[in-house]
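Enquirer: Chains as they are written, first to last, in my numbering: chain H, 1 to 98; chain S, 1 to 98; chain L, 1 to 98; chain R, 1 to 98.
Be aware that a few hints might be false.
Just so you know, same-sequence chains aren't split out, so a pair can sit in one copy or run between any two.
Stated by the list, open to error - DSS-like cross-link-like pairs, simulated, lysine-lysine; straight-line CA separation at most 30 Å:
hint, residue 1, residue 2
1, Lys57, Lys97
2, Lys35, Lys2
3, Lys97, Lys27
The hints are simulated quantities; they were obtained by calculation from the structure and are not laboratory data.
4 protein chains.
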Amino acid sequence: MKVLIDLCLVPLGVGVSLSPYIAACQKVLADSGLKSELHSYGTSIEGEWDAVFAAVKRCHEVVHEMGAPRITTTIKAGTRTDREQSMEDKVRSVKEKL
Amino acid sequence: MKVLIDLCLVPLGVGVSLSPYIAACQKVLADSGLKSELHSYGTSIEGEWDAVFAAVKRCHEVVHEMGAPRITTTIKAGTRTDREQSMEDKVRSVKEKL
Amino acid sequence: MKVLIDLCLVPLGVGVSLSPYIAACQKVLADSGLKSELHSYGTSIEGEWDAVFAAVKRCHEVVHEMGAPRITTTIKAGTRTDREQSMEDKVRSVKEKL
Amino acid sequence: MKVLIDLCLVPLGVGVSLSPYIAACQKVLADSGLKSELHSYGTSIEGEWDAVFAAVKRCHEVVHEMGAPRITTTIKAGTRTDREQSMEDKVRSVKEKL
């Protein structure tokens, strides 16, 4: 089962500057080999369900190891059985109608 | 790693009445043995990370098997290393301050 | 236009104990006269769109006034034109099918 | 109060093809004059709180007028009082650390 997610991980108890933690998650995602794309309020990630959620778990582990005592994450996850649809397909499909 | 999540699964392409699908997810959660509690815009679920996310995946599979061609899900997920905190602890902690 | 929302406000830069801020938001909601219900990962709020989102804005203002320099909030918002549906209706509709 | 949001509006009861509705929301956002950017699981929007949430409300109204009987929307909303930070600033801040 393929899934496309939007991941927004927020470490708590580490002050207001979160970018070092988000950068560490980008490295986790790069190491995972999954297709991903950072935007201004999260990261889009595409792949097989188990691989994608293993990467999300690894992000939590790495951010805790960096010293964050608490994390709250928001995830949007989309699956479909009618056809395959990539990240780019979704954006293109909207832009064609503008 | 323990996690507390809020799960809100939305089947698409099945009309506006979503409760049969949400009820099927409640059965998945009951079968999983995880502690969970339905509220008006989602379900709180508490447990070990792998068991919780296996249940979320099973919900997607079951809802697709029921005929939904597309699903979009919103998840909030919280982990902490400083102390254990249950669903009830979180609510109590706020209510004590009112 | 009526709306039912799930509100989860997270102050950043104030350490790991968030309950004083969530309690302050509960007071904002009580003062607003809107129907609301706290759960373990957010608060359900029901009412007219403008009143509900005015309360959300007021929560951000109050939490900043308490000293939080940064806030990230997750909101789920549902509207429907086919029929009225309260918080309790949504939960009952699922439970009837179990 | 400035806010940066991530908006993901999902019409229900209109089948699985949602792009015509998302395209209509892009037009609402263009008409609003707000800075916004479509990505594969939502749209980032930046501006004054009232203007941003007026645009979100207008999206719900327009999508209902197009015939969608039900809508569920997920919003992430960030405010900060310590400094100004644009959409581009947030992405740049992470990329500098890679």
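Enquirer: Look at each hint and say if it fits the structure.
Expert: Results for each hint:
With identical chains, the CA atoms of Lys57 and Lys97 are at most 30 Å apart between copies only, with a shortest distance of 21 Å across copies and 37 Å within one. Both within a single protomer and between protomers do Lys35 and Lys2 lie at most 30 Å apart by alpha-carbon distance, with minima of 12 Å and 27 Å respectively. In the homo-oligomer, the alpha carbons of Lys97 and Lys27 lie at most 30 Å apart only across protomers (10 Å), although the nearest pairing inside one protomer, at 35 Å, exceeds that limit.
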